[in-house]
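Student: Here the structure of chain A is known, so what remains is to put chain B in place on it, guided by the hints.
So the sequence lines, in the order shown, correspond to chains A and B. Under this note's numbering, the first residue of the first sequence is numbered 1, with each subsequent residue one higher. Under this note's numbering, the first residue of the second sequence is numbered 1, with each subsequent residue one higher.
Hints in this document: simulated from the structure, not taken from any laboratory. Since the model is a prediction, treat every value here as computed from it, not as a measurement. Every residue, glycine too, gets a C-beta built ideally from N, C-alpha and C. Among these hints, one or two may not hold up.
Cβ pair distances, simulated, as ranges [as the list claims (entries may be wrong)]: (1) Ala121(A) x Lys281(B): 58 to 66 angstroms; (2) Gly351(B) x Val136(A): 52 to 60 angstroms; (3) Lys423(B) x Leu45(A): 52 to 60 angstroms.
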Amino acid sequence: MLRRDFVRAVITVSLAPRGMLSQQSSTAVPAPVPWTLGLNSKTPLPLTETVDMVAETEASFFTKAQMGTFERLCDVLLPPIGNWPGALQSGTPAFLDFLIGSSPEARQRVYTVGLDWLDSASKDQFQLPFAGLSDVQAGALLKPWLRTWMTDHPPSERHADFVNIAHEDILTATMNSEAWSAANLGANQDLITEGLYWFPIEPDVDRVRAACARTPARIIGAPKAAHTFPSYPR
Amino acid sequence: MRDTLFDVLIIGSGHSGGMAAKILTEKGANCLMLNAGPVADVAKDAERKSAYELPYRGFKPPGRLEHVFQASEFNANVWVSEQEVPYTFDPANPYNWVRVRLFGGRSLFWSRQSFRLSDYEFKAKSHDGFGEDWPISLADLSPYYSRVEDIFRVSGALDGPPQMPNGNFVLDETPWSESMERFIAAAKVFDVPVCKQRRAEGRDGLASSVNLLLPDAERTGKLTSVANAVVRQLTVDSHTGQPNGCHFVDRLSRREMKVKAGVIVLAAGTLESTRLLLNSKLANSSGLIGHYLMDQIYGPGVVCSVPEARNGRATKNLMGSSAIVPRFRNITTRSDKFLRGYALNVTSRTGAVEPRNFAAYGAELQQKLDEYHGSAFQMTLMGEVLGRYENHVRIDKEAVDAWGIPALHVETKYTDNEFNMAKDAVEISSAVAESAGFEILSKNAVPNPPGYSIHEVGTCRMGDDPKTSVLNKWCQSHDHKNLFVVDGASFVSSGWQNPTMTILSLSMRASEYLADQMNRLEI
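So that you can see chain B by itself, here it is in the shape it has in the complex:
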């Protein structure tokens, strides 16, 4: 077994790695998948508990996961430890790198919002002059989006404007709630479109690589998977100069290992794939690996109350429903405050309103909580972050992780473009809510630190010119034709959309291209 030369080495097991494994094995390739963490078995690794049974009563264990705002004591053990796998940054510009190394990666935990990019993203430079166009268009990716949407059972309505292309949906024909109808009517006056939310339903309550992609690959008998394999560096054939495998270290025993393969597919997540390339000193003739780091601004929003739903009057007809306001700025008009745009997640919900929405305490607070129960209506922002050369990652010359692998230094910050976008989002959300007759309880225009959205993309962007891009339009290295990066690193612009559907579609497209090239003996 140890002399096996695999056709393809896939590093990472999340959405992009799972898709690569499914496509390549179904096309006949013999694949090895390495994943840095263990397999999570909810039956033995998790248990329902009350908060009081936990050492910190449900509070995030102090000092741990400082930059994972999503962490609590319940889920603290699923995130990558910042002590075990550190990264560095200037304290003035913090970065929240939110990571999961369990088999399946972050596909185990995601919000499942499922959108296509439009040509307002693929051809963004042509539209507003900033950055670069992608070397592909929506037409190139559309067939792959359709197949991915089928696998992930994306629900939605065919109500999208051009900036939110429709897809191959499980049609959502549920009626709007009355509160959402009021919001839609009020938004119309402001030329703000409101559409049905789009969400991956998956199977059996899960929409992950581990249940939708990897089983297909395993059924072929051509996938070999190894857990707890922390890849240290890609190896290079001394005769050809091409990548031919990797060194990895067993996470638990620290035994150093190596393996060989004809083709390398990186799917470790945007920044881990980039870190691996930088540590391997490969594929960087452009000098651009690590640059143009992007994500999306999250955090700003408005929380309201629907007065008619208070005092126990919330009904299913009145409350409930979730909607998406697709980007509407800089489509047919031009804002003088910022480029590109943002979307709003709009949610009408029953249940409790959080205490922080009331400037009260004690019995007065309890009375407010009782009165407002079931009346919450909120809007939260997802905004595009511009791709800038100076927002980048590089290898830290001193810091290493638990296995001695050099750590990443992140240098990125938001600019007035993002801050102005956030202010605009809160202003228009407030105006629409007030127009709809809702009471605004709290609002916030300050973005969370970069990285919080867990939508980091870029750092190995694709393009037609090897001097200005790292990958070609097939997610293939310009420098090494047997090296592919199929996660979010190839993005040229971030868009406002959750990137998962695009990552899956790009991985599917790249993997089919790779399989075809292998069959033709071009690789």
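Just chain A, with the same shape it has in the complex:
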């Protein structure tokens, strides 16, 4: 085949489907242009806000009594200090209600058992629910259980586990909140909670067809009491 014949053949082949498609489009699809025409790097991006600044979390995991205890616990453990918002001002109780409610059962149990114990201990010692205690009274219940500990090794003894784990979660949720970040900016300090976030990298969008999607996950979190290793599921 001569070169010009080959080129002509290639052009004919490449044009044919387009011609057929345009005939179909003219009858079946009213849109006059391809759907994505004009979307490019100059397309302005809409401005959006993070949800915590415009809406409230609908807390649904803790019972009403547990949430009352937890809100008081948050306020005692991390009240506003100077210009920095406290846990309540940062929406921490409702956020942690969502986070713990989404977590494995073992983590949920640490909280629900812990909150029930705290309220019960409060009624035993002060004849008041924990939500109604003064700072001094709350401190009398909490301080005996405070421990120092190293990363990944929170205390495992009963009550101390809840108090110390909840304390760290309350600190983290508050210091990572938008309210705290705004105070940080106002204080002209570095954003200490900023980091390099990795998006899903070529996610397997077809996972639903995978064998593992049809069988229960086989990874089993070890019960805390069964071994000496930290197993607190997060």
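Tutor: Below, chain B without anything else, positioned relative to chain A:
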């Protein structure tokens, strides 16, 4: 292209696979590299964000990556999903299998501590009678260590005792901080040596296969790489019985593929290479594939405060510096509590002290954080785990991964040897810190679960006897001379050292041997 017979098929693209690709292509071999995951492009795959912009405020997404303690919401998408690639274990003996399948593997994310093994590891059985000696010595590997240290630009000082051999370093001549000098003086009384930390500086802030090894291989024009290729099984030539390629599945489309090569080099990471051999039913005449799984105990340590650095008095002269205490137990004396030994990472640092170091809350806690800011001094353990036959992996008969490939079952646990080692480390660390005048804030003697260190080694150990080992001293299968395993699976003992320099050196040595054998038409 599909009929191409590659000289060498390299499975895995981390440190060991990258080194194999560099050496083999530079020696003229036509190589195909398959990697199970995608290429990570930090420019399009990552972005700086505030924690509050993320769905879980920076907390690890609940229920995901339960056994990756290193994970946070920021990096959750770089680790292998435990749901996508499951593994199983007895709940009483958990195992943390920490994996990265991005191109470059775990070489993208590592602490960069860079040590040579010594003959206290290579000839450990001769020293204390436990386990087996390696079929090689430090003298055999030393020239390769030197070349690897040059490529990775390892910084350090020539201050190592025999159990921490010196190397080809970018010399670290920075002075110690005053707090570290106090620690060194106090440690001397306890016969505890303290040396400068050793660390791979790399290039442009990275010390990975993707920037230090693969570009050299690509420059030869002899490396073909494929991403998202999940290898299902090695294939075997029905006439010769030798491996001749592999079946793999495209991670995204699930299209089943196959490819052929004259030589197979496994570099998928210790447990993935072993899983592949077990699923392929190859190279296991010894029956030892999967056995002698080891790692290092991490987690125990002591956090202190240097009193003179508190209340805003921390200066660069007083605080800063990092050091390594190389193994000092069971070198010239014998402990009656445990075999082998451990190292301590010692860090004097400015910056915040974590709130968990204080039994306080609210305003009192804030006052403590302000007071102690800049005064932290800590010691953390890296301890050798003994190689035991019963610590092993095998194929789970029921569980499969997202592509239907049988999953691994891990059966391993620490013994009193490791637990006693951890207690000893915390005791001596506390004694030295108190002697130095530091205040101890928190301590922990409980190891993290096995696997946490991400230093899993063994399961295809090397040796001279095919009945007691899987590979020979060249990381070559005793059963199949065209099959090599160049990652950490060949280790005979784990040592206390970060294994990366040894893995790189073994891969370099094995690859040069392979290239030589191919040139001689022996393979």
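Student: Could you run down the list of hints and mark each one as holding or not?
Tutor: The hints, checked one at a time:
no.: 1; hint: Ala121(A) x Lys281(B): 58 to 66 angstroms; in the structure: holds, 60 angstroms
no.: 2; hint: Gly351(B) x Val136(A): 52 to 60 angstroms; in the structure: violated, 33 angstroms
no.: 3; hint: Lys423(B) x Leu45(A): 52 to 60 angstroms; in the structure: holds, 56 angstroms
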